[in-house]
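Let the sequences and hints guide you as you build the complete structure.
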Amino acid sequence: MLIRHLRRFACALAMTALPLSAAQADTFVFTAIPDEDETKLIERFQGVADYLAEELDVEVRYVPVKSYAAAVTAFRNNQVQLAWFGGLSGVQARRLVSGSEALAQGAEDESFQTYFIAHSSTGLEASDELPAAIRDRTFTFGSKGSTSGRLMPEFFLRESFGEAPEDIFARVGYSGNHTRTLRLVEAGTYEVGALNFAVWEKELADGNIDTNAVKVIWRTPGYPDYQWTVRGDVDERFGEGFKDRVRTALLELDDPELLASFPREAFIPADNDDYEPIRKVAEEIGILQ
Amino acid sequence: MTLAPTLRTSLIFLAIALAGLMVADISITAVNPWRDLGRFFLGMVTPDFFSYQGLATALLRTVAFAFVGVSLGATFGFLLALAFRWRAVRMGCAFVRAIHELFWALIFLQFFGFHPLTGVLAIAIPYTGIFAKVYSEMLDETDPEPGRTLPPAIGAWLTFLYTRVPQCWQQLCSYTAYRLECGLRSSAILGFVGLPTLGFYLEASFSQGLYSEAGAMLILFYVLIATIPLWLRRPLLPAYIVAAPFFLGDGFPIVWGNVTRFFTSDIVPAPLRHGEGMDGLLVWLADVAVSDALPGLWHTLVLTQVALVLSGIIALVCFPLISKHFTGPVRRTGGHVMLVILRSTPEYVLAYILLQLWGPSMLPAIVALALHNGGIIAHLVGRQSSTLQLRPDAPRGFGRYSYELVPRLYRSFLALLFYRWEIIMRETAILGILGIYTLGFYVDSAIQNIQFDRALLLIVFTALLNLVIDKLSRTIRARLALQTLPTC
Numbered sequence: 001m002l003i004r005h006l007r008r009f010a011c012a013l014a015m016t017a018l019p020l021s022a023a024q025a026d027t028f029v030f031t032a033i034p035d036e037d038e039t040k041l042i043e044r045f046q047g048v049a050d051y052l053a054e055e056l057d058v059e060v061r062y063v064p065v066k067s068y069a070a071a072v073t074a075f076r077n078n079q080v081q082l083a084w085f086g087g088l089s090g091v092q093a094r095r096l097v098s099g100s101e102a103l104a105q106g107a108e109d110e111s112f113q114t115y116f117i118a119h120s121s122t123g124l125e126a127s128d129e130l131p132a133a134i135r136d137r138t139f140t141f142g143s144k145g146s147t148s149g150r151l152m153p154e155f156f157l158r159e160s161f162g163e164a165p166e167d168i169f170a171r172v173g174y175s176g177n178h179t180r181t182l183r184l185v186e187a188g189t190y191e192v193g194a195l196n197f198a199v200w201e202k203e204l205a206d207g208n209i210d211t212n213a214v215k216v217i218w219r220t221p222g223y224p225d226y227q228w229t230v231r232g233d234v235d236e237r238f239g240e241g242f243k244d245r246v247r248t249a250l251l252e253l254d255d256p257e258l259l260a261s262f263p264r265e266a267f268i269p270a271d272n273d274d275y276e277p278i279r280k281v282a283e284e285i286g287i288l289q
Numbered sequence: 001m002t003l004a005p006t007l008r009t010s011l012i013f014l015a016i017a018l019a020g021l022m023v024a025d026i027s028i029t030a031v032n033p034w035r036d037l038g039r040f041f042l043g044m045v046t047p048d049f050f051s052y053q054g055l056a057t058a059l060l061r062t063v064a065f066a067f068v069g070v071s072l073g074a075t076f077g078f079l080l081a082l083a084f085r086w087r088a089v090r091m092g093c094a095f096v097r098a099i100h101e102l103f104w105a106l107i108f109l110q111f112f113g114f115h116p117l118t119g120v121l122a123i124a125i126p127y128t129g130i131f132a133k134v135y136s137e138m139l140d141e142t143d144p145e146p147g148r149t150l151p152p153a154i155g156a157w158l159t160f161l162y163t164r165v166p167q168c169w170q171q172l173c174s175y176t177a178y179r180l181e182c183g184l185r186s187s188a189i190l191g192f193v194g195l196p197t198l199g200f201y202l203e204a205s206f207s208q209g210l211y212s213e214a215g216a217m218l219i220l221f222y223v224l225i226a227t228i229p230l231w232l233r234r235p236l237l238p239a240y241i242v243a244a245p246f247f248l249g250d251g252f253p254i255v256w257g258n259v260t261r262f263f264t265s266d267i268v269p270a271p272l273r274h275g276e277g278m279d280g281l282l283v284w285l286a287d288v289a290v291s292d293a294l295p296g297l298w299h300t301l302v303l304t305q306v307a308l309v310l311s312g313i314i315a316l317v318c319f320p321l322i323s324k325h326f327t328g329p330v331r332r333t334g335g336h337v338m339l340v341i342l343r344s345t346p347e348y349v350l351a352y353i354l355l356q357l358w359g360p361s362m363l364p365a366i367v368a369l370a371l372h373n374g375g376i377i378a379h380l381v382g383r384q385s386s387t388l389q390l391r392p393d394a395p396r397g398f399g400r401y402s403y404e405l406v407p408r409l410y411r412s413f414l415a416l417l418f419y420r421w422e423i424i425m426r427e428t429a430i431l432g433i434l435g436i437y438t439l440g441f442y443v444d445s446a447i448q449n450i451q452f453d454r455a456l457l458l459i460v461f462t463a464l465l466n467l468v469i470d471k472l473s474r475t476i477r478a479r480l481a482l483q484t485l486p487t488c
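Protein chains in written order, with my numbering: chain Y, 1 to 289; chain A, 1 to 488.
Hints should not be assumed to be uniformly reliable.
Claimed, not checked - What the simulated footprint calls covered on chain Y by chain A, stretch by stretch (three residues with Cβ under 8 Å from a Cβ of chain A suffice, anywhere in the stretch; the number is not a length): (1) 71–77; (2) 138–146; (3) 170–182.
Simulated from the structure, these hints should not be mistaken for lab results. From a predicted model like this one, the values you see are computed outputs, not experimental measurements. Glycine residues also receive a C-beta, built at the ideal position from the N, C-alpha and C atoms.
Encoded structure:
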């Protein structure tokens, strides 16, 4: 009796699973770290999906995820074959999937920056050094897995203060993404924050920042960041030379509107070694073991 | 002077909560919290039902995941209830239900990924544990006598089916239906970690400050829950159960190699994986304990105790809203609507909203837990109070409240509150994912750093803490001779 019940339920479960797996055997799926507002991401990457589908002549699908780790895990589990990663998430992903490769980065990503921003009530002003007066303020990073929103600002904070962020600030938060960091500091929920410079510049150009409420107080030195990373086994699955075609398609992407949505000038070639500095910093801070 | 045991216990818990309040991190850090709160309520009254084409699909998925998860949970729960006299079964069930649905989802996401099975199992597994326990209690309460009147040749199975089950059939059904409501809430919040249910869109709208969109989703969710009696009809049930699996959405195929890798490598503690032996393992364990488990434990306990007592206070203040001894039918309806909203909003969603509005501290979490749990208890206590008969010359107003009703209801109130103690703790831990430094924060950090060994160890630690609280709650309830029906 019990066995029969179990069997019946196993069948029912299998029935739910089967039609799903069969339907999408050869769709090329990609994802991206959720570093900005979801609506923007969906718009941007739907554009990329359409572009890639045309260039590569396969069905291409973008899946949104809720965290940086979910993007890495989906890539590792081969549920996505391509991803737009940050510096750190890319390093994590390539460590976990042997044979995976950084294909292309934005022109800006060779020397990316983090901006430290502060609410006007703090009276902090822009300076060439990380201002010592940020001590004992409330502070927010972006996502825990972010390069420009967590890893590099933490690295520069430790370098400058010789202490962990929790000891420097009265309160340390993780906003989740760069847009939210901007909004939280603008609203004064946190006094100081660190975010991706490109998000700041784009929001500023679009007139979405109340510059009376929030300003940039320090710009970090440059470091390598975002890149497109592809799994090593795509050639087996999608045909010989597929990886090179993906690389070419990304490098040749020149639709100004699409590029502006990233925002990047253009995509340029990248390889795994470009991200060695990020790996070292992540190991130093203890995020990578 | 000696105090009544219930009062003494209450005062001890009150004192612990006050001490907790002293050390808790409580503040509103937003510069202008009221403006955002105003915008939020404005969004609630100007809902935008047409912004997402996907909204109807999200609702459908929410219902489908709840149905499949709860049906599986009820089936396996019933089977396990039959074997509940074995210690191993009891302990296994207690353990799986001590782990929150969101933690289960986070675990399955690592190897099933975005396959519907992730969401289904995240609900089905803890619910199996709960169903097994509650069903077995219900079956135990039935009278064994009718079974003895049947000839032994009929066999134990049929005797059981025809004598025990019918006696508690009604209870089994109504509890299962009640659990389905809980399942809808669980299903909705699974969206917060990326499954295609309501939470997915709710999170997106809230984080972007699109309050009218978020308002529409919340309203639809309340309507869905409030209309359960209308659409959940027994004759339709088989149709729902058969149809639900087909509405779980298109996930991605499971790669079985990921499952093997997860169990044979990912969750093996790093020092063992790297061949550092026992010494390495001890160093690793000490590191997890000092930097994650202990701080997480401390914050979880402080928050739990404060939220528990505040839930009690809210329940005591709010139950008159729906009690026939205080208000007429019109105002009672208003009270009912308010309590339905409080208890159908998952704590996780409430905490998420308040965190966005007030900024990060323990305060949003405490208020969210207290409102939700206080709402549930107020609803049950209020309903019970309406069954009491008072003398015609009983005092009115505050005198009636404090001298007639509260003393009569206090024991069941306390029973409900203690019953919810471990539930509040489980939720407190999970709220860490939102950025409050409870155990869930450290679990989430470990997952973000792709350290599943660490994450799983912390989840097991959280489950054990939950079992301790459950045991403690049981002891206190037994000592005070308190009895209650299960709630979720």
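Each hint, compared with the structure:
Requiring three or more residues with a Cβ within less than 8 Å of a Cβ of chain A, the coverage given for the segment 71–77 of chain Y holds, as 5 such residues are present. Under a criterion of three residues with beta carbons nearer than 8 Å to beta carbons of chain A, the stated coverage of the segment 138–146 of chain Y is upheld, 4 such residues being counted. Proximity of the segment 170–182 of chain Y to chain A, defined as three or more residues with a beta carbon under 8 Å from a beta carbon of that chain, is established by the 7 residues found.
In this structure, none of the earlier numbered hints is contradicted; all agree with it.
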